[in-house]
Amino acid sequence: MKTIMTGLLAGAALALTISAAAAQAQRSTLDQVKARGVLNCGSNTGLAGFGVPDAQGNWSGLDVDYCRAIAAAIFDDPSKVKFIPLTAQARFTALQSGEVDVLVRNSTWTMTRDTTLGIAFLATNYYDGQGFMVRKSLGVTSALKLEGAQVCTQQGTTTELNLADFFRKNNLKYTPVTFATADETRSAYEAGRCDAFTTDASGLYSERLKLSRPDDHIVLPEVISKEPLGSAVRANGDSQWANIVKWTHYAMLNAEELGVTRANLAQSLQSNNPEIRRLLGVESKLGEGIGLTNDWAARIIRHVGNYSESFERNVGAGSPLKISRGVNALWSNGGLQYAPPIR
Amino acid sequence: MSMQSAPETGKASLWYDPKIRGYVYQALLIGAVVYIGYTMISNVSQNLARQRIPFGLDFWDSQAGFDINQALFPYSARSSYGDAFWVGLLNTLLVAAFGIFFATILGFLVGIARLSKNWIVAKAAMVYVEVIRNLPLLLQLLFWYKAVLEPLPRPRDSIAIPGGALLNNRGLYVPEPVFSAGAGLIGAAFLLAVFGSIAFYLWAKQQQAATGRIYPIGWLSLGALIGLPAVAYVVTGGPISFNYPAMGGLNVRGGITVYPEFIALLLGLTTYTAGFIAEVVRAGILAVSKGQWEAADSLGLPYSRTLSNVVIPQALRVIIPPLTSNYLNLTKNSSLAVVIGYPDLAQVFLGTVLNQTGRAIEIVGITMAVYLTISLLTSAFMNYYNQRMALVER
Amino acid sequence: MNVSANASAYVQAQSLPQLPAPSNTKGPIHWMRANLFASPANTLLTLVALYLIATTVPALLKFYVFDAVWSGSGRDACLSDKVGREVGACWAFVGDRLQYFIYGSYTQAERWRVNLVFLGFGISIVWLLWDKAPFKSVGFLFFFGILPISAWMLLYGGARAEFWFLIAGFALLAWTIWGDVSATRKGETGVFTRPESLIRYGILAAMLLFGLYVQVGPGELPVVETGLWGGILVTLLIASAGIVFSLPFGIALALGRRSKLPIIKLFSVVFIEFVRGVPLITVLFMANVMLPLFVPQEWSPDRLLRPLIGVALFASAYMAEVVRGGLQAIPKGQYEGAMSLGLGYGKMMRLIVLPQALRIVIPGIVNTFIGLFKDTTLVTIIGIFDFMKTIEASFADPLWATPTTRATGYAFAAIFYFICCWGMSRYSISVEKKLAAGQKR
Numbered sequence: 001m002k003t004i005m006t007g008l009l010a011g012a013a014l015a016l017t018i019s020a021a022a023a024q025a026q027r028s029t030l031d032q033v034k035a036r037g038v039l040n041c042g043s044n045t046g047l048a049g050f051g052v053p054d055a056q057g058n059w060s061g062l063d064v065d066y067c068r069a070i071a072a073a074i075f076d077d078p079s080k081v082k083f084i085p086l087t088a089q090a091r092f093t094a095l096q097s098g099e100v101d102v103l104v105r106n107s108t109w110t111m112t113r114d115t116t117l118g119i120a121f122l123a124t125n126y127y128d129g130q131g132f133m134v135r136k137s138l139g140v141t142s143a144l145k146l147e148g149a150q151v152c153t154q155q156g157t158t159t160e161l162n163l164a165d166f167f168r169k170n171n172l173k174y175t176p177v178t179f180a181t182a183d184e185t186r187s188a189y190e191a192g193r194c195d196a197f198t199t200d201a202s203g204l205y206s207e208r209l210k211l212s213r214p215d216d217h218i219v220l221p222e223v224i225s226k227e228p229l230g231s232a233v234r235a236n237g238d239s240q241w242a243n244i245v246k247w248t249h250y251a252m253l254n255a256e257e258l259g260v261t262r263a264n265l266a267q268s269l270q271s272n273n274p275e276i277r278r279l280l281g282v283e284s285k286l287g288e289g290i291g292l293t294n295d296w297a298a299r300i301i302r303h304v305g306n307y308s309e310s311f312e313r314n315v316g317a318g319s320p321l322k323i324s325r326g327v328n329a330l331w332s333n334g335g336l337q338y339a340p341p342i343r
Numbered sequence: 001m002s003m004q005s006a007p008e009t010g011k012a013s014l015w016y017d018p019k020i021r022g023y024v025y026q027a028l029l030i031g032a033v034v035y036i037g038y039t040m041i042s043n044v045s046q047n048l049a050r051q052r053i054p055f056g057l058d059f060w061d062s063q064a065g066f067d068i069n070q071a072l073f074p075y076s077a078r079s080s081y082g083d084a085f086w087v088g089l090l091n092t093l094l095v096a097a098f099g100i101f102f103a104t105i106l107g108f109l110v111g112i113a114r115l116s117k118n119w120i121v122a123k124a125a126m127v128y129v130e131v132i133r134n135l136p137l138l139l140q141l142l143f144w145y146k147a148v149l150e151p152l153p154r155p156r157d158s159i160a161i162p163g164g165a166l167l168n169n170r171g172l173y174v175p176e177p178v179f180s181a182g183a184g185l186i187g188a189a190f191l192l193a194v195f196g197s198i199a200f201y202l203w204a205k206q207q208q209a210a211t212g213r214i215y216p217i218g219w220l221s222l223g224a225l226i227g228l229p230a231v232a233y234v235v236t237g238g239p240i241s242f243n244y245p246a247m248g249g250l251n252v253r254g255g256i257t258v259y260p261e262f263i264a265l266l267l268g269l270t271t272y273t274a275g276f277i278a279e280v281v282r283a284g285i286l287a288v289s290k291g292q293w294e295a296a297d298s299l300g301l302p303y304s305r306t307l308s309n310v311v312i313p314q315a316l317r318v319i320i321p322p323l324t325s326n327y328l329n330l331t332k333n334s335s336l337a338v339v340i341g342y343p344d345l346a347q348v349f350l351g352t353v354l355n356q357t358g359r360a361i362e363i364v365g366i367t368m369a370v371y372l373t374i375s376l377l378t379s380a381f382m383n384y385y386n387q388r389m390a391l392v393e394r
Numbered sequence: 001m002n003v004s005a006n007a008s009a010y011v012q013a014q015s016l017p018q019l020p021a022p023s024n025t026k027g028p029i030h031w032m033r034a035n036l037f038a039s040p041a042n043t044l045l046t047l048v049a050l051y052l053i054a055t056t057v058p059a060l061l062k063f064y065v066f067d068a069v070w071s072g073s074g075r076d077a078c079l080s081d082k083v084g085r086e087v088g089a090c091w092a093f094v095g096d097r098l099q100y101f102i103y104g105s106y107t108q109a110e111r112w113r114v115n116l117v118f119l120g121f122g123i124s125i126v127w128l129l130w131d132k133a134p135f136k137s138v139g140f141l142f143f144f145g146i147l148p149i150s151a152w153m154l155l156y157g158g159a160r161a162e163f164w165f166l167i168a169g170f171a172l173l174a175w176t177i178w179g180d181v182s183a184t185r186k187g188e189t190g191v192f193t194r195p196e197s198l199i200r201y202g203i204l205a206a207m208l209l210f211g212l213y214v215q216v217g218p219g220e221l222p223v224v225e226t227g228l229w230g231g232i233l234v235t236l237l238i239a240s241a242g243i244v245f246s247l248p249f250g251i252a253l254a255l256g257r258r259s260k261l262p263i264i265k266l267f268s269v270v271f272i273e274f275v276r277g278v279p280l281i282t283v284l285f286m287a288n289v290m291l292p293l294f295v296p297q298e299w300s301p302d303r304l305l306r307p308l309i310g311v312a313l314f315a316s317a318y319m320a321e322v323v324r325g326g327l328q329a330i331p332k333g334q335y336e337g338a339m340s341l342g343l344g345y346g347k348m349m350r351l352i353v354l355p356q357a358l359r360i361v362i363p364g365i366v367n368t369f370i371g372l373f374k375d376t377t378l379v380t381i382i383g384i385f386d387f388m389k390t391i392e393a394s395f396a397d398p399l400w401a402t403p404t405t406r407a408t409g410y411a412f413a414a415i416f417y418f419i420c421c422w423g424m425s426r427y428s429i430s431v432e433k434k435l436a437a438g439q440k441r
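These protein sequences, in sequence, are chains A, B and C. Mapping of the first sequence onto this note's numbering: position 323 corresponds to residue 323, and the numbering continues sequentially without gaps. Mapping of the second sequence onto this note's numbering: position 255 corresponds to residue 255, and the numbering continues sequentially without gaps. Mapping of the third sequence onto this note's numbering: position 197 corresponds to residue 197, and the numbering continues sequentially without gaps.
Certain hints may be false.
[Unchecked claim] Under the rule of at most 30 Å between Cα atoms (straight-line distance), these lysine-lysine pairs were calculated in the DSS-like manner:
{"id": "1", "chain 1": "C", "residue 1": "Lys347", "chain 2": "B", "residue 2": "Lys19"}
{"id": "2", "chain 1": "B", "residue 1": "Lys123", "chain 2": "C", "residue 2": "Lys433"}
{"id": "3", "chain 1": "C", "residue 1": "Lys433", "chain 2": "A", "residue 2": "Lys210"}
{"id": "4", "chain 1": "A", "residue 1": "Lys136", "chain 2": "A", "residue 2": "Lys322"}
{"id": "5", "chain 1": "C", "residue 1": "Lys82", "chain 2": "A", "residue 2": "Lys136"}
{"id": "6", "chain 1": "C", "residue 1": "Lys433", "chain 2": "B", "residue 2": "Lys290"}
{"id": "7", "chain 1": "C", "residue 1": "Lys434", "chain 2": "B", "residue 2": "Lys117"}
{"id": "8", "chain 1": "C", "residue 1": "Lys62", "chain 2": "C", "residue 2": "Lys82"}
{"id": "9", "chain 1": "B", "residue 1": "Lys19", "chain 2": "C", "residue 2": "Lys260"}
{"id": "10", "chain 1": "B", "residue 1": "Lys19", "chain 2": "C", "residue 2": "Lys332"}
{"id": "11", "chain 1": "A", "residue 1": "Lys145", "chain 2": "A", "residue 2": "Lys226"}
{"id": "12", "chain 1": "A", "residue 1": "Lys226", "chain 2": "A", "residue 2": "Lys322"}
{"id": "13", "chain 1": "B", "residue 1": "Lys123", "chain 2": "C", "residue 2": "Lys82"}
{"id": "14", "chain 1": "C", "residue 1": "Lys62", "chain 2": "B", "residue 2": "Lys19"}
{"id": "15", "chain 1": "B", "residue 1": "Lys123", "chain 2": "C", "residue 2": "Lys62"}
{"id": "16", "chain 1": "C", "residue 1": "Lys433", "chain 2": "C", "residue 2": "Lys132"}
{"id": "17", "chain 1": "C", "residue 1": "Lys434", "chain 2": "B", "residue 2": "Lys290"}
{"id": "18", "chain 1": "C", "residue 1": "Lys374", "chain 2": "B", "residue 2": "Lys123"}
{"id": "19", "chain 1": "B", "residue 1": "Lys117", "chain 2": "C", "residue 2": "Lys433"}
[Claimed, not checked] Partner residues aside, some chain A positions facing chain C, computed with beta carbon under 10 Å:
{"id": "20", "residue": "Ser187"}
{"id": "21", "residue": "Thr293"}
{"id": "22", "residue": "Asp295"}
If you're looking for bench data, these hints aren't it; they were derived computationally from the structure. Treat the numbers as computed from the prediction; the structure is a model and nothing was measured. The beta carbon of each residue, even a glycine, is placed where N, CA and C say it ideally should be.
All chains, full assembly: derive it from the sequences and hints.
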């Protein structure tokens, strides 16, 4: 009995300490991250190419690289990131509640989310669009021939809304079959519960790798939506933190544009090109302006590389996904990736 | 709550006065609850304000934008979040109602089988109860959904069930009755049969009490319930036709679709709850004193009549309260629909709507309130029933 | 009813013809006659049951035992066109993934910590549940005090883990010594040297030594983030956290509900009825998405801690009702006896009422715990990798994608849960019988 009473007392004490910490002075996110010594990054629970842990718990992917780049800029150490896997349902509340400092989890930038959820989207690190995957044996070659189809999709996503829009717009009948997680959705599709599986095209390629016979399935040509996937932070007026997150991506893009890579970083630091010198902080004090050191971008390149390197390594030619740059090419190559200049 | 050592008498007596101490404890509790409540609310408002999350039910009438495959009233992506809530709630009630119906039947059968004199039947029932009760419901649902229903054939190779129904891994497709003029008469005949049966039941009971004669109530009622509508059907010239499901396009078209998610949830809830109901029934029957059995035996009543006229009516008094709480559990357990994607209240409202709107507090609160209301209504019914039973017992 | 017996239609009017003497009243033939073929209906039932058994049991055995694949390193071992025979369950899959099912993604090199916790858990369970085990009170201290703290420190690790470890060890040691000192002061002798105290000191000393050893020896234990924990580890963690918190809170709530103080009673009733009226899923969702809003931003609880809190609160309400049943069963004379001895409320409950009440409700507590154990599977819905989820997640691995993987995984999960739950229910039945025997005497 004594022990039980002690337990009660301990519980009461805990409750009191929790509530005692009610009103604490608000610190900037950067200060919090620095004090903690680690960046909390909200990531996917496992999407090959974008954010996925291996058996040893090492994370890799395009989104993961983004977080590592932020950590590199702050700490000069890309390993000082704690990846917090978040389901589609939990991601925005996790960001809102401060559990993560930044959310880079293939989340679509929409007006509703940007304006009503208390979060702000900053930079698009991957331009995506929603597509359909079907079995080859179904004999369907276009999404417009999916009349009467049962379509597997993940609940609570923009995917679910686009799906409804697409079929409504084209006057086609369909039956949605929704599941809570991507794994459940894919598993149901593979088991034959649905005719088609819909999600972002990048996700389709990555999910197809997990099927036992990837070659039996094709991705239909139609892209039915715009899905700019990007980084998001809390919309709490902490513009310094927003700038760090936003400019980390732009630094990687500018580096690609200027031809600065991990391999040639040493030479680039000696370069006479004023743009490169500004980017790498050789002759600019721009880093200090956002609470970092002036070599912040050099750190990013040294530890993570430029955008092209990250892209090819994770989703492009150097990865099993083999996704081409497409709309994600630099603007100068006819794509959409366009970074404001660093000056 | 260890006692203070008592120093002097004056103050100590005040402290030891149980009344005063009671007041102090209660004041402390109120203080703590108010303090914690205040802190929580202020935290919430701070957090919400900082994150600029709006608070309120203004989302209720906004357009939902997503479709739901099973809805009991017309629902489309153009409907509101409020409509989605009602779709979810009705789906919950639908599966709960079917589940309660089947679980009661199966539960009574298994419970009686456990007490059967037939050794093998009793043992089989025991194995059923032990296995079902000792495995998590979630595992059982996954089993039904993934291991039983998913491996069914594709729509092209649907299993044809006699009577025009089709079964495949997209669900069960049953013929849909199409009513034309005159069909109302059949409905009227059915209603007539229902009321007739009830009246007959009451009359027969009275007769039995007065004379001891037993009328075959069950058979006569069944005959009336089937016969009268059948006669009406023939007389009106068969105004009901059926829309038979058939393969068309990618899937089966026509008929009424029963989705595999519904079937799996219903199977899972029914078999699981039946395991518990069986134990309740067994305990109830065992609670009837042995003398009642012996008295019925010595009167020469056959086994089935002993069971139905002597034992079960008495056992029901013991059975009904735990039975009701099992019904309640079934309803609450239907929220596990989330794992297999059946669009019940939890899946549609707590899952999809919460995700689309981000209104965590409002939505979790409403969902809890709905389940709580169902629970409280059931307890109210149970109290009423217990009171009535107590009166009967005198 | 005022009907004479011979007027009733359902009562035999004259006595039935005598039955022939039974052929034999012993032996298997008679047994089968009496128990399997007593009447035509009975015979029919027997035949139907036999048919069902004959169709299912051999098929199950064939699938799970005779045709099963027991070893292999990939899906090829379990594909019938690769092996060249009919393939049943793929136990090789379970063997390959067993580590994952037990530890989740817990850092490989640190798994000894988990094993140590499993060991402590096993010892304390046997200690508490085995009727004849000595020094039950120390066992309670171990299970409800030392084990939870040590387990958390060990599993999580980190810079300040051993510091807190030492603090907790010292605090518990000081507390038990204080208890013994006050007992000595009251006139008891030999308090310090009785075996119970010695064991208690021994355990705490071991805890302190371990803390010191880690401090001066290998240095701090590396942090293993809770996100990596999984499998049976998490299942046991949630279940035991549930029982460790729900029992004390449940007792407090039950006492509150039976209290004469109206406000305390009101709060207890509202809490109990509220929690019992909603499904666990909604409580888990609340813990997952609402809890972070209730506390200041900096205090946002760990993702694994949230369901722990949710499950603990949920189980408390059910435990409270079980304990209340026990309290109601204690005869009034016990209360009056205690009061006439001059015991206050606290002492009366602690020394007289609760020991008796808790003893009666052990079966109820175990049954609640079985329910809790089964309900831990629900945490998969909010993305926690418990045992069930690790199995479900393994099905997504293309390396083991075969037609029978799923059936094997579910069977493995079923065996695990069945052994645990059935074992507990057997235990509760045996306690019930023992209690009933005690009542009769």
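Hints, verified against the model:
no., hint, in the structure
1, Lys347/C x Lys19/B, "17 Å, holds"
2, Lys123/B x Lys433/C, "21 Å, holds"
3, Lys433/C x Lys210/A, "53 Å, violated"
4, Lys136/A x Lys322/A, "20 Å, holds"
5, Lys82/C x Lys136/A, "24 Å, holds"
6, Lys433/C x Lys290/B, "21 Å, holds"
7, Lys434/C x Lys117/B, "27 Å, holds"
8, Lys62/C x Lys82/C, "19 Å, holds"
9, Lys19/B x Lys260/C, "10 Å, holds"
10, Lys19/B x Lys332/C, "21 Å, holds"
11, Lys145/A x Lys226/A, "21 Å, holds"
12, Lys226/A x Lys322/A, "21 Å, holds"
13, Lys123/B x Lys82/C, "41 Å, violated"
14, Lys62/C x Lys19/B, "71 Å, violated"
15, Lys123/B x Lys62/C, "23 Å, holds"
16, Lys433/C x Lys132/C, "16 Å, holds"
17, Lys434/C x Lys290/B, "24 Å, holds"
18, Lys374/C x Lys123/B, "24 Å, holds"
19, Lys117/B x Lys433/C, "24 Å, holds"
20, Ser187, "7 Å, holds"
21, Thr293, "26 Å, violated"
22, Asp295, "29 Å, violated"
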